[in-house]
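Residue numbers (UniProt numbering), protein chains in the order written: chain A, 1 to 267; chain B, 1 to 267; chain C, 1 to 267.
A few of these clues could be false.
No copy labels: a pair is met if it fits in one copy or bridges any two.
Straight-line distance between alpha carbons at most 25 Å, and here's what the computed SDA-like set of lysine to any residue pairs gives [what the hints assert, rightly or not]:
| no. | residue 1 | residue 2 |
| --- | --- | --- |
| 1 | LYS153 | VAL252 |
| 2 | LYS254 | ARG106 |
| 3 | LYS153 | GLU41 |
| 4 | LYS153 | LEU135 |
| 5 | LYS254 | ALA4 |
Derived by calculation from the structure, the hints in this document are not laboratory data.
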Amino acid sequence: MNTAHRRETGLRQYAEVMTVDAPSDGSPAIADGLIDFVFAEIWSRPGLSRRDRRFVTLACVAAADADEPLEQHVYAALNSGDLSITEMRETVLHFAVYAGWPKASRFNIVVDAQWARILGERGLADTPPDPLLPLATESDPELRLQGGERSFKEINCIPFAPVRDNPYSGAGILNFVFGEMWLRPGLGMKERRLVTVACVAFQDAELPIQSHVYAALKSGDVSFDEMDEVALHFAAYYGWPKASHLDSAIGVQKQRVLAEATSEAAS
Amino acid sequence: MNTAHRRETGLRQYAEVMTVDAPSDGSPAIADGLIDFVFAEIWSRPGLSRRDRRFVTLACVAAADADEPLEQHVYAALNSGDLSITEMRETVLHFAVYAGWPKASRFNIVVDAQWARILGERGLADTPPDPLLPLATESDPELRLQGGERSFKEINCIPFAPVRDNPYSGAGILNFVFGEMWLRPGLGMKERRLVTVACVAFQDAELPIQSHVYAALKSGDVSFDEMDEVALHFAAYYGWPKASHLDSAIGVQKQRVLAEATSEAAS
Amino acid sequence: MNTAHRRETGLRQYAEVMTVDAPSDGSPAIADGLIDFVFAEIWSRPGLSRRDRRFVTLACVAAADADEPLEQHVYAALNSGDLSITEMRETVLHFAVYAGWPKASRFNIVVDAQWARILGERGLADTPPDPLLPLATESDPELRLQGGERSFKEINCIPFAPVRDNPYSGAGILNFVFGEMWLRPGLGMKERRLVTVACVAFQDAELPIQSHVYAALKSGDVSFDEMDEVALHFAAYYGWPKASHLDSAIGVQKQRVLAEATSEAAS
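Only chain A is shown next, with the shape it has when bound in the complex (with noise of 0.2 Å):
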C-alpha cells in the first residue's frame, strides 16, 4: 500500500482497536513504528482474531513495565467489548502465575481503575464480582494432587506428570498451577494458551517456550496460522530478539506435532 493510504489505514486500525483516536505525535517511535507498522501492518492481518491478539499484547504491556500502554490495552479490551470484566480478572490471574506474582498486582490495579472508568463513563453502577467459593477443584490435598497430575498430562500433551515430592512441581506446579488455576471458569484454553505462549516467550526459559508452544499446537486449541501470527504480533510488543527465539520453536513444534500425526496415520 502506498505511504498516504498506510498512514490512514494505520490511524483506522488504532482508533478502531484502542477504542480511541490515535495521538498525534510525530516522532518517529509513534508516527513510522506504532501507526504505520504496528496498526496498519500487525493488528490488520486477517490470520488472527482481533480478541485473541488482545490476549498476547496484554501479556506483553503487562510484563512490559510500561503504565501508561498497559492503561490503554486494559481499557481498550474492555471497552471495545472483546473481553468480559470476568474474562480480564483471570487474565491477570493467569498471568500472575507465569510471569510473577508482582508485576500481576500491577495489572490488577490497572483492570480495577480501568474497569471503574469505564462503568463512570457509562453511568453505570458495578455488578457484585463473581464469587471465589465454592472452588471448581477438589479440597482434599490428596485429590487436588491427582487432579493436578490429569490435568499436568491433558493440558501438556504428555503421558506423564512430574513428582510430587518437590515443592516446586509438587506443592506449586500440582497443588494450585494445574490442580486449580487452569482448571478455574472464566477464560477459554485457547485463550489460557495464548496468554502462556506469550509469558514463556518473554520468559525465554529454554523448556516452557518447547513445551507450551508444543502443547498449543498439538491440542488443536492454535492452529499452526495463528501461532505464526502470535509469533509476528509478539515482536511487535515485547521486541525481536525474543520474537525470533519464538519463531524457532514453533518451526521445531510444528514438525514435531507433525511427524506425530504422520506416525499414528501410519500406525
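We have chain A; now place chains B and C onto it with these hints.
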C-alpha cells in the same frame, strides 16, 4: 586497596564463594568488573552474610536467563554447604511465585542437575526427597482463605487483607501465596524476605517493591543495614537502574518504619 | 587509585556524564556502587567514547523500567550535546523494535518531557520535528521486501535472507525491520549496533545475541576492544549474569570473525 591486592582479594573471594577457582579471563567484563569489583568489593563486605547474599544472587541469576551463571551459583550455594538441598528446593518454589513459573522451571532443572553433580563428586547416593504430604496448611477452602488472610496481614505487617472475590487476590494471593506457600517449612522467614525483595526489585512494579521492602524492615527480619547491603548486592547482579529504584524504595520505607516507631513510642 | 581519589573521580565523572551534581547519598548502593565503581571506574575508561556509552546506557535504562534513571540519562544525553534530539528520537524507534513497543512508549514520553525541560531551561522554543514523509525507503511492497532482503544480508553480514511467506520473517523482519527501520537516516550504523547489542543482551534469546554481536564485529562498526568495553558497561547497567553471557558470545564471535579473516587471507 591497591590494584594488585584488589585482584588478589577478588580471586580469593571468588574461590571461596564459588567453590572453584576463578576463570583466567582478562576481558574487562570479567577481570575489571567481576573479579575486581563484584568479588573483591561486594561479596567481601561484612554487612550481609555470605549465606544471605546467596538468596539475593540466586533470585537474580535465575531471573536473568543466563544458564551458566545460574548453574555456577546453584552449585556454589549447595557445595559450600551454605544452603541445604531442602532450602534450595524451597527457594525455587518461592521464586516461582515471585518471578513466574517458566524461569522457575529452568531453575528447578538446574538444581536437580547440580545436586546430582555434587552427589556424584562426593560418591554419595541421593536421599529420598522430603514428602509433600501432609501439607502444613488447611485443606478446607474456607479455612485456607482465613489462614491466607491472617498470614497476609502478619507477613505484610498491615491490618487488612485483599478481597476474596477476585481471581488474582482470592484464588491466587489468599488461597495459595499466603494461604500455603509462605507458610511452608523448609525456608526461614528472613530467607523468604531476601528472595522476595530481589524479585520485586527486578519485577519493578510500583507497589510490591514498597510493600515488601516495608514488611522486611518492619518485621525486623532484615535490618536497616542489611537492607542497604541488599541494594548494593542487587546492583551487581541486576544492574544499577533497578538497584537505584530499590535504593529509593528502601529510603522511603526506612523513614516510614522509623516514623511509626517514634509515633508508637510517644503514644 | 586510593579511596579518596576514587570517590573524587567518581563524583567528577558523575557531574560530567549526568550534567548535574551527584546526589549526596551515603548508602552502599549509591556511594560504594554507583559513584566509586560505575562512574569512577567504568565511565572513565578510555576504550569506548562517552557518546557511545550513552547508547548502551539508554537501551539498558529504558529496558529496566526504573523511571528516574531513564529520565536522568535521557536528560544527560541531550543536555550534554552528545545526542541530538533527532538521534534520540531515532534511538527510541530502534529500541522499540528490539525491546518492544510498550517500553519504547514510555521511553518516548520521557524524551518528550526531558526535551521540553531542556528547552525550558534554555529559554528556547521547540523547533518543528523532522517531517516523517517522504520515507527513505520504498512504498511498493515487492520493492520493500527486496530492499529488506538486501539490507538483511548487508547488515547481518550473511549471504541469505529469511523466507517471506511467514508473518514474523516476512511482514515483520523483511518488510519493516530491515526493509525500513534500519535504513532510516537520523542515526548512524555504529549507534544502531550499540543499541541492538544491548537489547539482544538483555533480551537474551540464544541466536540474536550471537548474530548481532557477530555482525557488529564483522562489519567493523564496533572494534574488538570497543565490544569488550560494551560488555563491561552493560554489566553495570544490566547486571553480571546477562553480561557474562554477552561476554561469552563476544568471545565466540571474535574467534569466528578472526577465523574468517585468516581463511580469506589464505585464499
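Here's how the hints hold up against the structure:
no.: 1; hint: LYS153 to VAL252; result: both (21 Å within a copy, 24 Å between copies)
no.: 2; hint: LYS254 to ARG106; result: between (35 Å within a copy, 23 Å between copies)
no.: 3; hint: LYS153 to GLU41; result: between (38 Å within a copy, 23 Å between copies)
no.: 4; hint: LYS153 to LEU135; result: both (21 Å within a copy, 23 Å between copies)
no.: 5; hint: LYS254 to ALA4; result: neither (38 Å within a copy, 28 Å between copies)
Hint 5 from the earlier list is the only one contradicted by this structure; the remaining hints agree with it.
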